[in-house]
Each structure stands twice: as structure tokens, then as C-alpha cells.
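Visitor: So the protein lines, in turn, are chains A, B and C. Residue numbers for the first sequence follow the working numbering, so the first one is 127 and each next one is one higher. Residue numbers for the second sequence follow the working numbering, so the first one is 6 and each next one is one higher. Residue numbers for the third sequence follow the working numbering, so the first one is 49 and each next one is one higher.
Hints may be right or wrong, so weigh each one.
Cut-off 20 Å, straight-line C-alpha distance, at most; resulting in silico cross-link-like pairs (EDC-like, lysine to aspartate or glutamate) [stated by the list, open to error]:
(1) A:K309 to A:D402
(2) A:K166 to A:D263
(3) C:K75 to B:D112
(4) A:K409 to B:D327
(5) C:K85 to B:E108
(6) C:K118 to B:E55
(7) B:K136 to B:E298
(8) A:K276 to A:D186
(9) A:K274 to A:E390
(10) B:K304 to B:E105
(11) C:K118 to B:E278
(12) C:K85 to B:E152
(13) A:K409 to B:E152
(14) A:K412 to B:E55
(15) C:K85 to B:E242
(16) B:K338 to B:E278
(17) C:K75 to B:E331
(18) B:K94 to B:D153
(19) B:K304 to A:E375
(20) C:K111 to C:D55
(21) B:K260 to B:E278
(22) C:K111 to B:D80
(23) B:K304 to A:E229
(24) B:K265 to B:E298
(25) A:K274 to B:E298
(26) A:K308 to A:E375
(27) A:K274 to B:D112
(28) A:K305 to A:E390
(29) C:K85 to B:D80
(30) C:K111 to B:E331
(31) C:K118 to B:D153
(32) C:K152 to C:E97
(33) B:K322 to B:E55
(34) A:K412 to B:E331
(35) A:K412 to A:D391
(36) C:K111 to B:E152
The hints are simulated quantities; they were obtained by calculation from the structure and are not laboratory data.
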Amino acid sequence: MLDAGRHPKIRILAYSEVEGLKGRDGNFEIKIRRKARYVKEDVCNACGMCVTKCPGRALDAFDMGLRKRTAIYLYFSQGIPAVMTIDPEHCIYFTKGRCRTCEKVCDKGAIDFEMKARVETYPVNAVILATGLDILDPSHLTHYGYGKLKNVITGLQYERLINATGPTGGHLERPSDGKLAKKVAYVQCVGSRDLNNCAYCSSVCCMYSIKDAMLAREHDPESDSYIFHTDLRNVGKWFQKYEKRAREEYGVNFIRGRVAQIEEDEECNPIVWYEDTRLQEVKALKVEMVVLATAATPAKGARGLARLLGVRTDPYGFIQTKPDEPADTSRPGIFACGFCKGPCDIPEAVSQASAAAERVAAFISQTAGV
Amino acid sequence: MSLRQAVVRSRAYLCLECGICTGSCPVSRFNAAYSPRLTVERALLLDEEESLHDHEIWACLTCGTCDVRCPSTVDFTGFMRDLRERARKAGNDGICTHAETIEAVLDLQLSPNFRRSTSWLRSLQTSSRGKVYYFGGCLPFLDVIFEDIGFEGTKIGRSSVRLLNALGIRPAVSCDEVCCGHDAYWTGRIDLVRTLADINVKAIRRTGAKQVIFSCPECFYMFKHIYPDIVGDLGFEPVYILNVLLEAIDKVKFKPVNAKVTYQDSCRLARIEGMVTEPRQVLQALPDVDFVEMQRMGKDAICCGSSNWVSCSRVNKQIQIDRLTEAASTGAKILVTSCPKCNIHLRCALRDEDCKVDIDVIDLMVLLASHLGGGKRGT
Amino acid sequence: MENAAKDGFCLNPGTSVIPVKCSGLIKVSFLLRLFAKGSDGVLVLGCLEQDCRYFNGSIRCGKIVDETRKILELAGIDATRLGFHLISESQGREFKKIFRRFVKQFSKRGRRVATSSSR
């Protein structure tokens, strides 16, 4: 991402939305709404002075709501471009009419409360969709108790908890009481491979859960990790070896059986009910925290964007691509790569991106005669 | 119906063997010999002999928890029903509980010239014809059978009619009404269900009703989901009483309850109809009611532990005591039920020597009717 | 009944006798099914309470009959169609009286009367 940010021939229009696409056969005009971030992108250097003084607060979406951020914020520290954004819904000036503290402390003069969203059009020869994924909100799977039981969190929340730059500085402090979670259950297939929810395998959960379980053991060798899985679908090169390592070197416990229900005791310890299908026994396991490997879905806006661009999606909102040209969508000149066209992991997404770039090059040379 | 057909009809071939059914099953928690997953697997191997002669097929409560959670949408309870139909023919009958009295009542209802008494509804406003019909089902009969545990089926029926009267509805009732056939259906006696459906639908049509109100979730389920398959267009609309009450709840005044109450979801209402908020809305419309929720509620509620009158063993008692303990742990003094069967089974378990729980089990209709402000005396 | 027979008593045609080991063994379902099969009336006869070999057989039977009668009423069948009497083996004349009186209720219909007896 840093490479792309620095590249002289790549222009990143962050904090923007596509509003429309006109034209055909490599002669498109794309309309892009550049939302007002109330901070001048070319002036701000993300020094962070405003953040230290901003009185507004909102849940931090990047930290999966595990902590609060200020109303003026940097979405995440490695983001490109590294500039602040004011969230008008939580900014004291925008909601109550006075404050403007950030404006006062910014010695660069980067704050601009008068900034308006503007629509720009660009002539383009091709479009690549790479809108990525969102995760399924598992609240409606009431038997897992997400949203009701405090110590049941999603894989992405866990990712933030165990991350050194995360809200707990990388300590596995569980949400209910901040106690370090020593016994953690990782529940696979939450909404995935489920005909009532996402009837496909999200494909990344088995591997990231193994990684998560190993990380927990690395942080605290005394801890216990349990992975509850339907079938382990670690199908990539060396993936199985990774699982073997988790079992042998890290002592991660693997239990075959989809978790049926999660209950809670008086101390908010989740109790996981499941059938160990190998032993054919129904059991309950008391743990200190549960991590749900929730199904990955196409990004929330992907379906709308696809409609805007006139490309077909499947019933789940994944962009449809051609079987023989997996980067080509239903509309010539528009290509797709990564999770927006179907579940895939990072290495696969990277190779798909290269493929899409190559298809674009070929397309342009054919249509524009370069 | 062959075993193969049962597998196809229930889509059991989609089974992932993930074990969520067995893990969710209230019976499997206490009875290691019973496992929905293994039942399906055995059937998938088309092992007729073992599938049909397994006594554990009568252990299934048909509560539908496995159906709701199954990622492959296998209709396990439907599969069980088909299997039971076949097992019955192969000579594997379930044990009929309560000394077969309930079965015999059914036989009586099927005897020629059967005309039930409606005297149990006296002093309430009913008619023999009308647009709205009230289906009481087996309630008064159950009253006699479960007198020893203090179950008051008649009171549930009377309370329902009282509430309807309070809303200005004077429901029609009929002497020709018979059992809805719910238990016959789930124990695989489809011919019997056909006969009963025929009698009931004809009896109701004769009253000229366009809407039939049910206070029993099981009867409602049968009329809404099963009867149309058997008799085609019913000619009237089955409605659950809660929906009728909710529409006009503002018109009725209730006396304060002054108690902590919790609610036992009915399998048919919560899991099949998705009626989770309605009973809670009605309960919370009562003044001064301190409503608390059990951990396992709504679609995750635990079945009252016994159904279809085919199993009543130590396992069933354990399920019931477990549920009652959960209800009491909320601090509630009253456990409200909407299914008469829940009421019977939980009341019965309260008297078990292993049950150390003190809680009142009261039907929702009875609770509502007994708190009607002003008007007539209690039923 | 044998004592009554010595007296020259014979059962009405259409009466069936169902001997049971003890009236306490009779179940509600059993009685209900007799009605379901079309009996006009069922007369249950048991031993005197103090004669019961199993201490509470006759008492139990009384409860069963009460329960059955309630169900019969609800099913629209007159509860008097279920007769219940406790008599001793030696009371042949008494039996005759009870039986005649019971059957008389249904004489106009002239249909079958089932009798259940513990001897």
C-alpha cells in the first residue's frame, strides 16, 4: 500500500465514493464523490496534535468498537494517505455549534470546517473492483450469544485485542472485567457453510483461528486454546504443516464439532456446549473468552456499487466473474479481484490483483490501441 | 414411505456431520444413547433394521432446536416423524404415557355420534355460529387427567374466552370439535390426522367462522401448517390468540401483578412461528410486572422436556428440573407458559423429589384473565 | 355372579362380562375405550374395600371411575352410564338388584351392556 501511495503514476482518492460510470469499451467517465473530511489532504501531516485536544468521542470502527476515538481521527496508523478526518456526526462543532479546538491547535492550518463534498469526473479506460469484505454480524445467531454475552467476541475484535497497537496493547483482556483470558475457545463456521446464512466457506477462518490460537499461547504459555471446527479447511501450500505445528509445538486443542450453544455463568465465563463428534459425546466447556470466526461477506456497499457500475453479482453480493477469465466481470472494461468476487486469502488476493492489472493492460491495448 | 424417501424428503443427505444438532438437543444433554446426528447417519447408511427398531426414536421431543440451527437445513423433526410412521408399522410403538388415557380420549372422540360438552364454558359468552371461532382442543380433558398436579386446562380455555369477551368478541364453539391430532402427527399416524382434520374443518365450517382463534400453540400449528396440506383450503384463517389480544390490548385494563415473572417459550410458537416478542409484549402490558428473561429464551429456549405423550423418563424429568432451576435462578416467582403441555410438564416436575425449586407455573391466558380489571369475578 | 346364577339369574342378551384380576387394575383408558367401541353403559363391580386383597384396589378403582366419569361428561356422555358398585362375593341377590337397575336405564334402547367384574 505504501508503494502505491508513493508511486508517481498512482493517485489515491481516499474517502471517496463512486457515483456513476458513463461510456463503454474503454472510454469511461467515472463520477466520484469526494466526501468532505474537513481537513486539507495536502496540508495535514498527521502530527496528531488535534487528536490530543479533541473533546468529541465515538466508537473506533477500526478497533471494532473496543475503544473510543476522538471526533477528529486517523482511521488507522498505516492508512494512506496519512491525514486526519473529522467525523461530523460526533464533532462538537458540527453537532453543538462551537468548539473548533482542532483548528486552534493545528499549526499547519489544515482544518477547514467550510469544506464541501464535491463530485469529480475522471476519464478512465478501465475499472478494477477491489472492495474487499465485511464480516457477518452474528447477533442474529442467538445461540452464540454475541452481543448479549460480554466475553463472546468476533475474530476481528480478537485481532485488535491481541495487536500491540490495539486497545489493550496486545493483552488479552476480556471485555467483561478486563481479566486476562487464559482459556479461549475459537468457534469456526459462525454463519459460514450455513444454508440459512452464508452458504459458502469463508475460506480464511480456519487459518486465522489457528494463528489466533497460536498467538494466545505465545503471549501466555499457561493459556489454553480450543478450536471447535466442522472440518479444518486448511487447503493451501504448507497450511497443513501449520496446523501440525499448532498441535505439536503450541499444544492447541482441536475439537471436531460445531458449537451448539454458548451460555454464561455468574462470572461471565462463557460455557460452550457442543458435541465432540469424534467421541460422540455432548459436552460443556467453561472458558474465559470465546472468539467467533464469523462468516466473511462482500463489503456492505459492494452490491450498490455493482448496480451503479452495471456488473452482475451473485445472490450473496459477490461480483460475478467469467469462469475462463476470472478477473473479468460481466461488463467489458470492468475487472475485479480479491474478496469482492469470492472468498480468498491474502496471497490469493495479491495474485488476483496482478491478474486484474494484466487484464487491464491487455484491455487498454486492445481498445485504445496503445 | 421408505427410509430412502425419508432421507430425501428431509434433505438428510446434506448432513455435514457437524454435530450442532446433537449439541443442541435437550435430550442428548442427559441421554447419551440418543443423538440426532447418529440417527441421521444410521439412516444415511440405509440400515433399515437398526433405524426402525431403535427405541430411542421415541426420545425425540420434536422441539425443533436442531432444525433451527442445522446449517444444512435438514428437517430433522420431519425425518423423525417419517421414521416413526414406518417404525410403527414395523412394530416399534412408543410407550404411551399416562396409562394411555390420552389415547383413549382420542378413541372416544372418534367414536360415532361423539358430541363433546361445552358446559365447561358456561357463564361465558359463546355462540354456536359466528365469524370468529374458538378452538379449545383437549384442554378440558387434560384437566381431568392432570388434576393431581393442579393443572387447570379448563381455566386456560375459560380465561381465553373471557379475554375474548373482554375485547367484545363472542366466539362460536362447537360440540363436534375433536382433538387437533398434533401428537398423532408427530408420532407418525398420518391417517388418524386426516380423519381428525376432516372432522374439525367440517365442524368449524358449519359455524360459518372465517377466523379461528387458538390458545394452544400445538393446535394452532396443526391448523396453520398441516391441515392445509390435508384438506386444502380451510375456508377460514387460523389466528393465535396473542395476536388478537395485541391488536386491542389498549382497550383492556389490567390490575397490577406486583411480581417478578419469566416466560417459557413454546416450541411451536417461538421456533416455528417465530413468535418471540408477542408474548413478551403482552406480558409487559400488565401493570407492575417485573419481567425477567431466562438465558435460554426465544428460539434457544429449552423444551419443557416431554412431548407427544411418548416419553416420560428420568431424562425428561432432568430436562424439566434443569429448566425450572434456570427459571428460578432469574429470581422470578412466576413462570408463565403459553403451551398447556409446558404447563403440565413443568408443574409435574415441580413435585419431583429432586426438584428444589419454588416457582409458580401459570398459563399466560390465566395470568391475563385473572388480572382483568373490573368486570366479572374470576373463572 | 355365580351366586346370582344359582338363583336363576341370567344376564341380558348383549351383555359381555370382562373378568379382571382386581378392579384396581382397571385403567381409565380401558373404560373409555369400552365406550368408544359403542357400549351403552359399563358397570364396574369390585370387592368391598375391607375385603381387598391388595389393600387399596377398590379405593383405586373408585378414583379411576370418578376420573372416567368426568371425562365422559366432557365427551357428552352421561356419567350415569358408568356404574360402580363394591359388593361381596356372597351378595348374589344384591348383584341381581344392581344389575337390573343399571340395565333398566338403557332398556328402551335395548343395546349391549358391558359388565366389568372382579370375579
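Visitor: For each hint, tell me whether it holds in the structure or not.
Guide: Quick rundown of the hints versus the structure:
1. Taking the CA atoms of A:K309 and A:D402, the gap is near 18 Å; set against the 20 Å cutoff, the hint holds.
2. Under the criterion of a C-alpha separation no larger than 20 Å, the hint pairing A:K166 with A:D263 is inconsistent with the structure, at around 34 Å.
3. A hinted pair counts as satisfied when its Cα atoms are at most 20 Å apart, and C:K75 with B:D112 qualifies at roughly 14 Å.
4. Straight-line distance between C-alpha atoms of A:K409 and B:D327 comes to about 16 Å, which keeps the hinted pair within the 20 Å bound.
5. Of the supplied pair hints, the one linking C:K85 and B:E108 holds, its CA atoms being roughly 14 Å apart against a limit of 20 Å.
6. Note on C:K118 and B:E55: the hinted pairing is violated, with a Cα-Cα distance of about 43 Å set against a maximum of 20 Å.
7. The straight-line distance between the Cα atoms of B:K136 and B:E298 is roughly 37 Å, outside the 20 Å bound, and the hint therefore fails.
8. With a CA separation close to 18 Å, the supplied pair A:K276 and A:D186 stays within the 20 Å bound.
9. A hinted pair counts as satisfied when its Cα atoms are at most 20 Å apart, and A:K274 with A:E390 qualifies at roughly 10 Å.
10. The hinted pair formed by B:K304 and B:E105 fails the criterion: a straight-line CA distance of about 31 Å is larger than 20 Å.
11. With a C-alpha separation of about 34 Å, the suggested pairing of C:K118 with B:E278 is violated against the 20 Å cut-off.
12. Among the hinted pairs, C:K85 with B:E152 is inconsistent with the structure: their alpha-carbon atoms are about 26 Å apart, more than 20 Å.
13. In summary, the hint linking A:K409 to B:E152 is not supported, as the alpha carbons are separated by about 38 Å, beyond the 20 Å threshold.
14. Between A:K412 and B:E55 the alpha-carbon distance is near 36 Å, which puts this suggested pair outside the 20 Å criterion.
15. As the CA atoms of C:K85 and B:E242 are separated by approximately 34 Å, the hinted pair breaks the 20 Å bound.
16. For the suggested pair B:K338 and B:E278, the alpha carbons sit about 27 Å apart, so the restraint of at most 20 Å is broken.
17. Using a Cα cut-off of 20 Å, the hinted pair C:K75 and B:E331 is violated, with the two alpha carbons roughly 36 Å apart.
18. With a C-alpha separation of about 35 Å, the suggested pairing of B:K94 with B:D153 is violated against the 20 Å cut-off.
19. Proximity of B:K304 to A:E375 is assessed by CA-CA distance (about 41 Å); at most 20 Å being required, the pair is judged violated.
20. Simply put, C:K111 and C:D55 have alpha-carbon atoms about 32 Å apart, too far for the 20 Å limit, and the pair is violated.
21. For the proposed pair B:K260 and B:E278, the alpha carbon gap of about 29 Å is over 20 Å, so the pair is violated.
22. Taking the CA atoms of C:K111 and B:D80, the gap is near 43 Å; set against the 20 Å cutoff, the hint is violated.
23. The hinted pair formed by B:K304 and A:E229 fails the criterion: a straight-line CA distance of about 52 Å is larger than 20 Å.
24. Between B:K265 and B:E298, the direct Cα distance comes to roughly 10 Å. Compliance with the 20 Å bound is thereby established for this hinted pair.
25. The suggested pairing of A:K274 with B:E298 holds, with an alpha-carbon distance near 12 Å, which does not exceed 20 Å.
26. With a C-alpha separation of about 18 Å, the suggested pair A:K308 and A:E375 falls inside the 20 Å cut-off, and the hint holds.
27. Distance check on the hinted pair: A:K274 and B:D112 sit about 48 Å apart at the alpha-carbon level, beyond 20 Å; violated.
28. For the proposed pair A:K305 and A:E390, the alpha carbon gap of about 16 Å is at most 20 Å, so the pair holds.
29. This hinted pair does not check out: C:K85 and B:D80 have alpha carbons roughly 38 Å apart, beyond 20 Å.
30. Our distance criterion of 20 Å between C-alpha atoms is broken by C:K111 and B:E331, whose separation comes to about 36 Å.
31. For the suggested pair C:K118 and B:D153, the alpha carbons sit about 14 Å apart, so the restraint of at most 20 Å is met.
32. For the given pair, C:K152 sits about 27 Å from C:E97 by alpha-carbon distance, which is inconsistent with the 20 Å threshold.
33. Taking the CA atoms of B:K322 and B:E55, the gap is about 27 Å. The hint is violated against a cut of 20 Å.
34. Between the alpha carbons of A:K412 and B:E331 the distance comes to roughly 17 Å, so the proposed pair stays at or under 20 Å and holds.
35. Under the criterion of a C-alpha separation no larger than 20 Å, the hint pairing A:K412 with A:D391 is consistent with the structure, at around 9 Å.
36. With a CA separation close to 12 Å, the supplied pair C:K111 and B:E152 stays within the 20 Å bound.
The structure fails hints 2, 6, 7, 10, 11, 12, 13, 14, 15, 16, 17, 18, 19, 20, 21, 22, 23, 27, 29, 30, 32, 33 (numbered hints given earlier, in ascending order).
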